[in-house]
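Visitor: Sequence:
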Amino acid sequence: AVANDTVKGKVKGAKYYLPNEKVTLEAVPYDKYKFVKWNDGSTENPRIFTATQDCSFTAEFAIKPYEVILSCDTIQGTVTGSGEYKPGTPVTISATAKEGYIFSYWKYYYEYEYGGGGYWTTFSYENPYTFEMGEKVYNIEAIFKKAKYEVDGIYYYLSEDSATVTSPNEGNYSGDIVI
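For the sequence shown, the working numbering assigns the number 16 to the initial residue and increments by one for each residue that follows.
None of these hints come from the bench; they were simulated from the model. Given the structure is predicted, the values throughout are model-derived calculations rather than measurements. Please note that the accuracy of each hint is not assured.
[Stated by the list, open to error] Below are the EDC-like pairs computed for lysine to aspartate or glutamate, each with C-alpha atoms no more than 20 Å apart in a straight line: (1) K122 with E156; (2) K101 with E150; (3) K161 with E141; (4) K30 with D55; (5) K30 with E41; (6) K79 with E59; (7) K37 with D69; (8) K101 with D20; (9) K151 with E128; (10) K101 with E82; (11) K52 with E75; (12) K151 with E82; (13) K160 with D88; (14) K47 with D20.
Could you put the whole structure together from the sequences, leaning on the hints where they help?
Guide: The structure is reproduced here in structure tokens:
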């Protein structure tokens, strides 16, 4: 038994066996690769059988896809774009606000390379957002905010790109307002 590409992985247990001897072959992928299948189509790994005749197996490996994990408060909206992607592939993520909410921003969980742990950081206000998949797992959360606020009898109505303020005594004001 051999690997289809020795840069991508190796096969443990590859040797000559006597008739009726138990055989255990294990395809072991190297970092950034995954085991796909044996040359006969089997995906069993490790592969265990009894030697009854001459045979040869080739383990096939491929680049490991990395994952985009999206989340949000499901009361406020939904997200699309989660899944596995190969490095270098364009990935588009999108957030859709439910009634009463608007999309605010994306935040990403930055995981420390050594020692575990990490922190959340804001990385984009664009929606949808497209990026090139890297060689890692992306844990991304969509943040929504209320579309209507009431403060001291004044109502603030927000949309994706503007705000309207309504006051019972002073009429309406429309323009750039940061909330």
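Visitor: Now, for every hint given, state plainly whether the structure supports it.
Guide: Evaluated hints:
For a cut-off of 20 Å, the pair hint linking K122 to E156 stands: about 5 Å separates their Cα positions. Between K101 and E150 the CA atoms are separated by roughly 8 Å; this keeps the pair inside 20 Å, and the hint holds. The suggested pairing of K161 with E141 holds, with an alpha-carbon distance near 18 Å, which does not exceed 20 Å. A threshold of 20 Å between alpha carbons decides the hint, and for K30 with D55 the separation of about 19 Å falls inside it, so the pair holds.
This hinted pair checks out: K30 and E41 have alpha carbons roughly 12 Å apart, not beyond 20 Å. For the suggested pair K79 and E59, the alpha carbons sit about 18 Å apart, so the restraint of at most 20 Å is met. At most 20 Å may separate the alpha-carbon atoms for a hinted pair to count; K37 and D69 meet this at roughly 14 Å. A hinted pair counts as satisfied when its Cα atoms are at most 20 Å apart, and K101 with D20 qualifies at roughly 18 Å.
Distance restraint check for K151 and E128: the Cα-Cα separation of roughly 11 Å lies within the 20 Å cut-off, and the hinted pair is therefore satisfied. A threshold of 20 Å between alpha carbons decides the hint, and for K101 with E82 the separation of about 9 Å falls inside it, so the pair holds. For the suggested pair K52 and E75, the alpha carbons sit about 5 Å apart, so the restraint of at most 20 Å is met. A C-alpha spacing of about 7 Å is found between K151 and E82, which places the hinted pair at or below 20 Å, so the restraint holds.
A distance of roughly 10 Å separates the Cα atoms of K160 and D88; the hinted pair therefore holds under the 20 Å criterion. The hinted pair formed by K47 and D20 meets the criterion: a straight-line CA distance of about 13 Å does not exceed 20 Å.
Going down the numbered hints, you'll see the structure goes against none, and every one checks out.
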